[in-house]
Structure formats: structure tokens, C-alpha cells
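Here the protein sequences come in this chain order: A and B. For the first sequence, our numbering gives the first residue as 569, with consecutive numbering after it. For the second sequence, our numbering gives the first residue as 5, with consecutive numbering after it.
Keep in mind that the hints are not guaranteed to be accurate.
From the derived model, a few chain A residues whose C-beta atoms are all more than 12 Å from chain B [said to hold, decoys possible]: (1) S575; (2) K589; (3) M620; (4) D624; (5) P728; (6) V766; (7) P803.
Distance windows between CB atoms, simulated [claimed, not checked]: (8) B/T56 x A/P666: 40 to 48 Å; (9) B/D15 x A/K800: 22 to 30 Å; (10) A/A650 x B/K7: 35 to 43 Å; (11) B/V8 x A/S599: 32 to 40 Å; (12) A/P728 x B/K76: 50 to 58 Å.
Because the hints were derived from the structure by calculation, they are not lab data. Beta carbons: idealized from backbone N, C-alpha and C, even for Gly.
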Amino acid sequence: MDVKFESWKEIIKDENIAFKKTKVLTDNILSYCPGCGHGVVHRLVAETIEEMEIQDQTIGIAPVGCAVLAYDFFDLDMQQAAHGRAPALATAIKRLYPEKFVFTYQGDGDLAAIGGNETIHACNRGENITIIFINNGIYGMTGGQMAPTTLEGMVTSTSPYGRDPKLMGYPLRITELIAMLPGTYYVTRQAVYKPAYVRKAKKAIRKAFENQKLNKGVSFVEIVSNCNSGWKMTPVEANKWLEENMLKTFPLGDIKVDGELVKEL
Amino acid sequence: MAKVKGAIVIDIEKCKGCGLCVEVCPQKVIALGDKVNAKGYFYADVVNENCTACENCVMICPDTVITLYRAKVEV
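Chain A with its partners taken away, still in its complex shape (with noise of 0.2 Å):
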């Protein structure tokens, strides 16, 4: 390793690092665009495992979408379910195990389109499973095409003109719709786009694994992501594009905590 500069020697020590890679990474690169939210949302969850010291207590469901490839990228005992349905598989994995956390970590279209039925009726029965759910309005793998989260006027592939409500229906606020339900223990909604936001929504994570102790629902965690590929945009362009547009349509913050609604619908 060679330091650039004389005064970092004295610093870049082992007894001095304040932050590294977690271990329940694996050492692949993550398959993700440049930039993608994704990283760090695993990185998240990651994170979240290493200091609740559960990693071999986990089980994780890898979606169908960009995330595919999950279990090449976590250090834990994955399963990888059919195209929108891991809370099926989640539900399952944890009626057999109790004692484990489960997770499903799943994208918009794998969970909002084609998943709709499992998420709503996993959520519906209170399952005692954790949800990640990574929001970038639009379907990342396939080519850009238009999700159920895609913004109204926003253009993808399959909505060259932009999205017409009258056409092709409004954008799907799941997290809000889900909230409804009795079965939910926390839904809340946050970001990765600012330093700031990633620090929340570790702190969303962590809380919806700790809840799993409890056995009262399901936890399910939002976060609105940038998508630069599907959306044409450089990484820093998709992040501020993400502030100003997405986050009209999907408010940041907590929607339901400890089963009690804390926001207005």
C-alpha cells in the first residue's frame, strides 16, 4: 500500500481505522451500475447484521431485478425466490425457523408489480419479517421500462411521452397502502442520496431487524434510490433529480411506528 502524502503516514495505521468493510460483505464487486443505491443499502444491511452479531442467525431472500445476485454479495445463508415472491418464501423460511431473521430484500417491480399480491398478504397476516424495499421508479434490469412507482410525466422506455395517469394509472404508493394493514409493526420510507439520510435509514434498518425479537408484524422499510442508468443521468445528476422529483411523490419519514400510525394518510 503506498501513501501519498508524509503526513498520512503517521495516520493510515490498523489501531486508527474508524471505518472499513464490513465482513458480512463478500470481497466480489458488487454488479450494480456505478453509483447505484444499492451498494449501500447492502451495505447497510450488512452493517446492521455484523452489530447485532446475527450473521449466522440470518436468512435472506435475494429478489428477481437487479438484486438478483444478492446472495453472491452477502455473507449469510440466502434463498433466491421466483419473480415477487419472497415475502411467500420469507414467510415460509420463517414459520420453520422462528428463531432466525428473515429478510426479504426486494426492488419496485419486484415487490410493487408483480410481487403486489404476496407483499399485501404477507403484510396482511403480520408476518414476522423484515422487508427491504429499494424504490427507484422504474424497472433497473430490463431496460428502463415504467414500474407502478414510476412519476406521473416521467419518461422511460415504455412511456416515451411520459407517464399519463389517464393511460397507464397513477404511481403506486405501496409503503402507504401496506400501512393500513394491522399486521405491519413499522413501515417507514427513507434515502440514500445524502450522508446524512444513509445514517437514518441505517438506523430504519436496524430497528426492523430488533423488531423481529418482538413477534408483533412485519417491518418494512422503504428507500428511494436513484436508478442513473434507467433515468440517463450521471450518479451526482440522478441524486439531485431524485431530490427535487421523487421525494414530492414519496415523502421521507417514519409512517407507522411500534403499530401505532404517526402520519396522516
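Starting from the known structure of chain A, fit chain B onto it as the hints suggest.
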């Protein structure tokens, strides 16, 4: 008086050159260079030694390629 100083090490072979860390660094310690790594990305590199260990870059980096060091030094 003791002062907190920071230093970062970037794993350039894993960096994808997204530039998010360049944007969030208040001290402008990081910049995208004109050299590419094995994957063909213009990777981020350190350009000055003013790091204060604020953790912004490690928080925003999607690929967790930055290791941060923090130490108290006498000035």
C-alpha cells in the same frame, strides 16, 4: 492542542468512478483522475491531505471501496 485528522485509502480496482464521494467531500480531498483501472473506470483518488474524517465519503460510497482512518495529532 490535539486535532482530529483523517486519512482515506481507496481500493482503486473496485472503484467504479461514480463521483458521489467527490460531491460530498467538504474538503475536496477526492477527485476523479484521468487514469483507468482494470475495469476501465476513471477511478477516484486522493488529491490533498486535508481530510477531517467526517465520514461523508464512506457513507455515500455504493461499493464500500473507501477505508477511513482517524487519529488525534498534536499541532
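Status of each hint after checking the structure:
1. With a minimum CB-CB distance of about 5 Å to chain B, A/S575 fails to clear the 12 Å threshold, and the non-interface call is violated.
2. Non-interface status of A/K589 relative to chain B is broken: a Cβ of that chain comes within 12 Å, the nearest being about 4 Å off.
3. A cut-off of 12 Å between C-beta atoms confirms that A/M620 is not in contact with chain B; the least separation is 19 Å.
4. Residue placement check: A/D624 keeps its beta carbon more than 12 Å from all beta carbons of chain B (closest about 22 Å).
5. No beta-carbon of chain B comes within 12 Å of the beta-carbon of A/P728; the shortest separation is about 27 Å.
6. Here A/V766 does not stay apart from chain B, with its beta-carbon only about 5 Å from theirs, under the 12 Å limit.
7. A cut-off of 12 Å between C-beta atoms contradicts the statement that A/P803 is not in contact with chain B; the least separation is 4 Å.
8. Distance hint check for B/T56 and A/P666: the Cβ-Cβ separation is about 46 Å, which falls inside the suggested range of 40 to 48 Å.
9. Restraint check, B/D15 to A/K800: a C-beta distance of roughly 28 Å satisfies the suggested window 22 to 30 Å.
10. Taking 35 to 43 Å as the suggested C-beta distance range, the pair A/A650 and B/K7 does not conform, at roughly 56 Å.
11. At about 36 Å, the CB distance of B/V8 to A/S599 agrees with the hint of 32 to 40 Å.
12. Separation of A/P728 from B/K76 is about 57 Å and conforms to the stated range, judged on CB atoms against 50 to 58 Å.
Hint compliance for this structure: hints 1, 2, 6, 7, 10 are not met, and every other hint is.
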